[in-house]
Amino acid sequence: MVTERRPARLRHGLVGLLGLAALYGLAAQIGSGRLPTTVYLAPHEIEGVELLPTYSSLAEEATFLVQAGILQSGVAVSTLRVLIGLLLGSMVGIALGLAMGWAAGLEYVLEPWVVLLRFTPALALLPLYVLWFGLGEMSKVGLIATGVAVVTLQGAYQGVRGIPRVYWDSAASLGAPRRLLVRRIILPAALPQILASLRIAIGLAWVTVVVAELIKPTMPSLGYLLALAGAYPRVPTIMIALAAIGLLVLISDGLTLVAYRWATRWVRRRHE
Amino acid sequence: MSKSQPRKVRLHVEDVSYSYPGGTRTRALDGLTLDVHDNEFLAIVGPVGCGKTTFLRIVAGFLEPTRGAVLCDDAAVRAPGADRGYVFQEEAIFPWMTVQDNLEFGLRAKGVARAERAAIAMELIRLIGLQGYERAYPRDLSAGMSKMVEVARVLATDPSILIMDEPFGSLDAQTRAQMQDELHRLWEKRLKTVVLVTHDVEEAIHLADRVVVFSPRPGRVKAVVPVHLPRPRSLEMRLSPEFSALKRRIWAELGLT
Chain L
1 MVTERRPARL
11 RHGLVGLLGL
21 AALYGLAAQI
31 GSGRLPTTVY
41 LAPHEIEGVE
51 LLPTYSSLAE
61 EATFLVQAGI
71 LQSGVAVSTL
81 RVLIGLLLGS
91 MVGIALGLAM
101 GWAAGLEYVL
111 EPWVVLLRFT
121 PALALLPLYV
131 LWFGLGEMSK
141 VGLIATGVAV
151 VTLQGAYQGV
161 RGIPRVYWDS
171 AASLGAPRRL
181 LVRRIILPAA
191 LPQILASLRI
201 AIGLAWVTVV
211 VAELIKPTMP
221 SLGYLLALAG
231 AYPRVPTIMI
241 ALAAIGLLVL
251 ISDGLTLVAY
261 RWATRWVRRR
271 HE
Chain B
1 MSKSQPRKVR
11 LHVEDVSYSY
21 PGGTRTRALD
31 GLTLDVHDNE
41 FLAIVGPVGC
51 GKTTFLRIVA
61 GFLEPTRGAV
71 LCDDAAVRAP
81 GADRGYVFQE
91 EAIFPWMTVQ
101 DNLEFGLRAK
111 GVARAERAAI
121 AMELIRLIGL
131 QGYERAYPRD
141 LSAGMSKMVE
151 VARVLATDPS
161 ILIMDEPFGS
171 LDAQTRAQMQ
181 DELHRLWEKR
191 LKTVVLVTHD
201 VEEAIHLADR
211 VVVFSPRPGR
221 VKAVVPVHLP
231 RPRSLEMRLS
241 PEFSALKRRI
251 WAELGLT
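Protein chains in written order, with my numbering: chain L, 1 to 272; chain B, 1 to 257.
Please note: incorrect hints may appear among the correct ones.
[What the hints assert, rightly or not] Footprint (simulated), chain L over chain B, 3 or more residues, beta carbon under 8 Å:
id	stretch
1	86-99
2	131-143
3	234-248
By construction, these hints were calculated from the structure, which means they are not laboratory data. We put the beta carbon where it would ideally sit given N, CA and C, even for glycine.
Using the sequences and the hints, build the whole thing.
The structure is reproduced here in structure tokens:
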């Protein structure tokens with residue numbers, strides 16, 4: 001079943017993606033020469049703006065961004081920030097979530113924090129983090145890590161709480177020491193939920209990095225490239241940066257999905 | 001077992017009472033005293049809600065009795081432990097582990113080396129006739145097969161007693177009869193002290209040396225019925241007049257006739 005569904009999913013996904021690209025190309029062709037080229041951005045009138053850039057101007061822009069090294073270095077730097085934020089955030093989040101699910105007392109101590117942080121957007125923490133951690137990498141990565149930690153904490157917590165009592169009892173009556181309980185019961189049983197939350201966290205991390213990169217904007221960075229292109233304004237640059245981020249999100253989501261499938265290989269599916 | 005001399009007491013239950021915590025403090029068990037001997041197969045039957053499962057959970061160490069004591073091999077039971085293997089009512093083998101990893105879990109807990117673990121697991125797999133399923137996940141097993149894996153997983157660590165709580169309760173009648181037969185064969189090959197709780201009187205007679213009848217809540221020992229049917233026993237034997245007589249007697253104790 002699973003092996004049959006996967007290529008179909010990929011195929012249909014590609015059809016959707018290419019369909020979107022084709023529609024965009026068509027709209028851009030029709031729009032070129034018809035759409036207004038003057039934009040009023042208070043207090044200036046800016047001329048020569050291509051609101052819906054055609055593929056040829058996108059290709060031109062992409063070539064420039066790649067030849068200048070702006071795109072690659074931006075992708076590298078932003079990806080690194082996302083990865084470090086993910087690593088730190090999920091380490092803290094998963095550890096706390098597992099502990100919360102395991103030790104009943106801790107659950108109630110941490111619960112208000114989880115509720116509080118869950119509804120605090122990363123952007124709201126930004127001024128605070130800048131004051132606490134300065135304008136450097138620390139506040140950027142910290143912002144990503146915070147969002148990731150809150151999401152993965154909930155995943156790990158729910159993963160542990162969802163383990164049926166009979167498995168805890170079985171492990172106890174088979175004499176499992178703590179180490180074995182964590183490694184062979186709690187972790188594998190909670191892993192599907194943890195990875196499901198990680199999938200959400202990765203999306204969130206990419207959203208957050210774009211915002212975080214507005215802290216003391218310096219150049220190799222996709223977030224600042226976007227902001228800069230918006231200020232000029234250069235729509236082709238915006239489109240290329242958006243496409244780059246979109247592609248990175250798709251790739252990281254795909255990788256997590258593969259991990260999720262591996263972690264749920266034992267789950268009994270209905271109608272199988 | 002009608003074999004030999006006075007046998008060693010494996011499990012000694014002394015005046016055990018249990019009341020559920022909380023406002024009503026419902027009494028589940030009241031002054032229960034019971035001995036189970038080495039290699040004896042003891043079955044417990046009783047009306048719904050008479051505290052059978054509570055009794056097993058106390059013996060396993062999941063619950064602490066309100067009064068009284070449980071001794072397993074002369075040691076007081078205070079917590080769950082591998083000396084008392086527990087076969088649960090629901091499906092209890094770990095779905096994220098292969099059959100072999102499930103069988104090896106208790107051995108891992110004891111710190112048994114890899115090669116020895118594998119050897120024991122293989123022997124048990126042969127014993128329950130699941131060759132070829134070593135690397136299968138429980139999702140690929142039928143409910144009956146899962147139960148046998150669970151029984152084997154408990155046997156792997158060679159516990160002093162085997163506690164079984166309605167192990168075949170969720171199976172259909174045909175599979176259940178098959179499993180009872182299978183369990184009986186297994187028990188003949190691997191003599192063990194067993195305490196089995198069941199609502200199925202025929203299952204109790206088929207398997208047990210003695211059938212203990214619990215009274216309605218709070219649970220007490222109402223009667224102890226020895227079963228002197230010859231072993232090995234078969235499903236065929238359930239049609240014999242001796243079997244029917246025992247059934248009638250237990251039904252009477254349960255207040256069914």
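Hints, verified against the model:
Residues of the stretch 86-99 of chain B with a Cβ under 8 Å from some Cβ of chain L number 10, which satisfies the need for three, so the listed coverage holds. Look at the stretch 131-143 of chain B against chain L: 3 of its residues bring a Cβ nearer than 8 Å to a Cβ of that chain, three or more, so the hint holds. Counting residues of the stretch 234-248 of chain B whose CB lies closer than 8 Å to any CB of chain L gives 0, so the stated coverage by that chain is violated, three being the minimum.
The structure does not agree with numbered hint 3 stated previously, though it agrees with all others.
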